[in-house]
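Let the hints inform the model, and build the full structure from the sequences given.
Order-wise, the sequence lines are chains A and B.
For the first sequence, the tail end lands on 296 under this note's numbering, and the numbers increase by one without skipping.
For the second sequence, the tail end lands on 271 under this note's numbering, and the numbers increase by one without skipping.
Since the hints were derived computationally from the structure, they do not count as laboratory data.
Treat the hints with caution; some may be incorrect.
To be verified - Below, in silico cross-link-like pairs of lysine-lysine (BS3-like), each with a Cα-Cα straight-line distance of 27 Å or less: (1) B:K244 / B:K95; (2) B:K95 / B:K242; (3) A:K276 / A:K41; (4) A:K197 / B:K121; (5) B:K75 / A:K250; (6) A:K106 / B:K186; (7) A:K106 / B:K190.
As the list claims (entries may be wrong) - Residues of chain A placed beyond 12 Å of chain B at every Cβ, according to the derived structure: (8) G49; (9) T71; (10) T114; (11) Y160; (12) K287; (13) G293; (14) I295.
In this text, all values refer to a predicted model and were calculated from it rather than measured experimentally.
Cβ coordinates follow ideal geometry from the N, Cα and C atoms, glycine included.
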Amino acid sequence: MLEDLFSVVKTRFNGGSDIKADERKKTDIPADLLFKCPRCGSVGFMEEFENNKKVCLVCNYHSRLTAEERILMTADRNSFREFDRDMVSKNPIDFPAYEEKQKKLRDETGLKDAIITGEALIRGFKTAIAVMDSRYMMASMGSVVGEKLTRAFEYALKNKLPVVVFAASGGARMQEGIVSLMQMAKTSGAVKRHSDAGLLYITVMTDPTTGGVTASFASLGDIIIAEPKVLIGFAGRRVIEGTIKQRLPDDFQSAEFMLENGFVDMIVERKKMRRTISHLFKLHNIEGDIQ
Amino acid sequence: MSRLTACECLDIIRNKNRPTVNDYIPMIFRDFHEMHGDRLFGDDRAIIGGVAGFGGIPVTVIAQVKGRDLEENKRTNFSMPHPEGYRKALRLAKQAEKFHRPVICLIDTPGAFCGVEAEKRGQGEAIAKNLYEFMSLKTPVISVVLGEGGSGGALALGVCDELAMLENALYSVISPRGFASILWKDATKEREACQMLKITAEDLVSLKVAEVIIEEPAGGAHNDPELAAEKISEYLFDAVKRKSQIPIDVLLEQRYTKFRKIGEFTEIPV
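Shown next as structure tokens:
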């Protein structure tokens with residue numbers, strides 16, 4: 006029953022189980038020229054997809070971005086200043102091959118862990134910002150994600166800044182055992198202190214937001230935004246299907262499902278994200294002006 | 002006190018005669034009055050809560066209920082709470098805050114329930130809200146893991162001033178079974194997983210997640226439930242007394258710091 010906090014999203018979007026292997030062969034094309042939507046399976050030109058901010062032109066699925074892409078898309082040009090860029094995790098429970106796995110991922114992605122934090126301007130408004138990157142161990146939360154987020158909230162508290170978090174995660178990082186579970190409490194505590202000072206926290210749930218991240222800081226925003234069609238949930242789909250012994254509808258645990266059930270304030274398209282966040286800042290009397 | 006391996010502990014906490022909160026509550030507390038419901042949706046029998054006398058003062062008790070037989074397990078959903086269970090827990094914790102009485106949380110769950118209704122009613126949000134609110138609850142909170150401490154479903158009652166573990170209790174980020182099925186795609190390898198995950202009371206004290214280990218009767222609490230209850234009672238009496246003497250703003254600072262310090266990382270520029 007505890008698979009709930011972990012990488013629960015692989016089968017759903019990575020490769021799309023309903024697309025059969027022989028169909029894949031038929032579309033034997035250079036990967037960098039064409040894009041195939043993991044949600045609807047439609048194929049289009051990569052250039053068009055990228056010009057559309059990596060949103061599927063057919064079904065409007067807002068696909069995963071790297072943290073760097075997200076920051077470039079969200080922050081005013083050259084305004085981003087990174088915090089704690091050298092922080093790397095230790096191996097608190099001596100998990101076999103954890104160091105090696107991390108080293109490999111660092112080389113592949115250029116990231117040090119699954120989150121980048123810092124401060125930036127969004128259309129002229131100064132804010133602390135944290136962006137998770139699902140390429141790094143499905144953006145699971147271990148010591149580094151917990152510590153960097155906590156520091157970002159503490160920095161924002163000290164400097165009276167709002168916080169925007171672009172959440173994406175498979176959940177707690179099981180390779181760090183109980184230490185990763187405690188990051189849920191630690192980050193939630195930091196959010197509470199920031200909130201008690203009357204400061205604004207906006208969560209943006211992106212694909213996928215699940216497990217222990219849904220069950221901590223990602224669900225604690227004053228305002229919770231979701232990107233269209235993304236996966237948001239607590240427990241893994243397969244775990245639930247295993248329990249109830251039947252297939253769940255496709256829109257189960259989607260952003261739209263969460264809105265319907267009252268856990269998301271608004272669904273905002275990527276192309277309107279900067280505008281929406283800056284308007285919300287203005288309406289909360291955040292210092293700065295729309296530029 | 003001789004320490005057993007995680008696997009041996011697993012066998013002990015799964016012993017069908019291991020005492021549950023329904024055994025412990027009458028032995029530890031006086032005049033327990035159960036309070037039902039979250040005032041929003043319903044009453045989750047996986048979590049029992051109420052007010053009781055303890056060492057001459059009123060306390061609020063919030064506990065996860067393992068069933069002692071199949072009938073009881075059906076009623077308590079094998080101690081896997083739904084969102085309304087966590088919301089009831091928070092409601093009672095807030096009530097305790099209002100009336101300045103300490104909160105005692107007894108943890109014993111394989112995890113929060115994973116199901117369609119739990120998702121619809123916001124399992125993630127319910128747990129998150131408990132972590133958030135308990136962190137600044139203005140009254141002492143003591144949590145004890147009685148048997149299984151399963152993941153976020155346990156942590157939702159585990160943001161506290163002091164965490165104690167029964168000697169054979171386990172507390173884990175993921176059930177050994179779930180871990181084995183993810184890592185090796187084979188849930189039957191839970192015993193191997195058990196050893197890897199560092200989930201015993203001793204492990205948790207060395208990782209600074211738990212502060213205290215409560216000794217169990219030889220062979221496990223089921224061998225002498227009265228003695229086990231007495232040990233828990235002694236610990237709680239001492240913990241409540243110690244934490245109640247601390248001014249509340251100092252206590253809240255210490256609670257924040259307890260969790261703030263957990264995490265292992267380095268910052269070496271490359």
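Exercise. Among the hints numbered above, which are violated by the structure, and what are their numbers in rising order?
Worked result: none
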